[in-house]
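Engineer: Sequence:
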Amino acid sequence: YYALSFVRTADVIYELKDWLARQGATGTSAIGVLAKIESADSVANLEAILDAVDGAMVARGDLGAELPVEEVPYWQSKIVKGCRKRGKPVIVATNMLESMIKCPTPTRAEVSDIAIAVREGADAVMLSGETAHGSFPFKALDVMTTVAKRTELSMLRYEGARRYGSEESDAIDWILPPARRMNSLADVGISEMFAYHAVT
1 YYALSFVRTA DVIYELKDWL ARQGATGTSA IGVLAKIESA DSVANLEAIL DAVDGAMVAR
61 GDLGAELPVE EVPYWQSKIV KGCRKRGKPV IVATNMLESM IKCPTPTRAE VSDIAIAVRE
121 GADAVMLSGE TAHGSFPFKA LDVMTTVAKR TELSMLRYEG ARRYGSEESD AIDWILPPAR
181 RMNSLADVGI SEMFAYHAVT
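For the sequence shown, counting from 1, position 194 maps to 194 in UniProt numbering; every step adds exactly one.
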């Protein structure tokens with residue numbers, strides 16, 4: 001994938017795709033294009049951008065700098081839903097475990113933030129500074145993975161059917177023996193975390 005920063009309109013996506021096609025990046029050699037949604041112009045043209053790209057990233061750091069901070073959760077949800085509706089992958093990134101750059105444990109708010117992204121349907125959650133220059137990169141990765149997996153597990157119905165939001169069947173979920181509970185995670189996509197790439 002190419003990831004484009006500060007995509008303001010769909011035109012730049014089509015221009016890049018045309019250029020890639022001219023370079024022979026088609027068929028089995030095709031290169032996908034991801035849009036980083038991180039500006040006021042991006043959200044103003046969101047639907048057209050999501051139609052054009054092969055996937056998107058909710059780049060919350062710059063998005064929060066360009067928009068009122070209280071707007072970021074709304075746009076995160078809207079971008080995730082827009083990608084899921086189109087069957088395109090979506091990544092939630094920036095400030096996921098910011099405190100773990102210096103501290104070995106996350107805040108409760110950060111843990112909840114990861115869980116919200118997973119429950120909304122993000123295909124991946126991504127670490128940045130936590131693994132690029134943080135003091136506890138592997139602990140941050142462990143926290144991210146553990147919280148994501150636990151949240152996914154709470155979204156599974158008995159025998160592995162996915163559910164969103166409802167806690168009705170938690171009691172049934174947790175009657176399952178631990179081995180069966182963990183085996184049920186095998187088919188859940190977000191467990192292959194983009195966060196891993198940041199430490200390799």
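One or more of the hints may lead you astray.
[As the list claims (entries may be wrong)] Straight-line Cα separation of at most 35 Å, DSBU-like style, residue types lysine-lysine; simulated pairs:
| no. | residue 1 | residue 2 |
| --- | --- | --- |
| 1 | Lys149 | Lys85 |
| 2 | Lys88 | Lys17 |
| 3 | Lys102 | Lys81 |
| 4 | Lys88 | Lys139 |
| 5 | Lys85 | Lys17 |
| 6 | Lys17 | Lys102 |
| 7 | Lys149 | Lys81 |
| 8 | Lys17 | Lys81 |
| 9 | Lys78 | Lys149 |
| 10 | Lys102 | Lys149 |
| 11 | Lys139 | Lys85 |
| 12 | Lys88 | Lys78 |
| 13 | Lys139 | Lys102 |
| 14 | Lys81 | Lys139 |
| 15 | Lys102 | Lys78 |
By construction, these hints were calculated from the structure, which means they are not laboratory data.
Engineer: Hints numbered earlier in the text: which of these fail when held up against the supplied structure?
Structural biologist: Violated: hint 6 alone.
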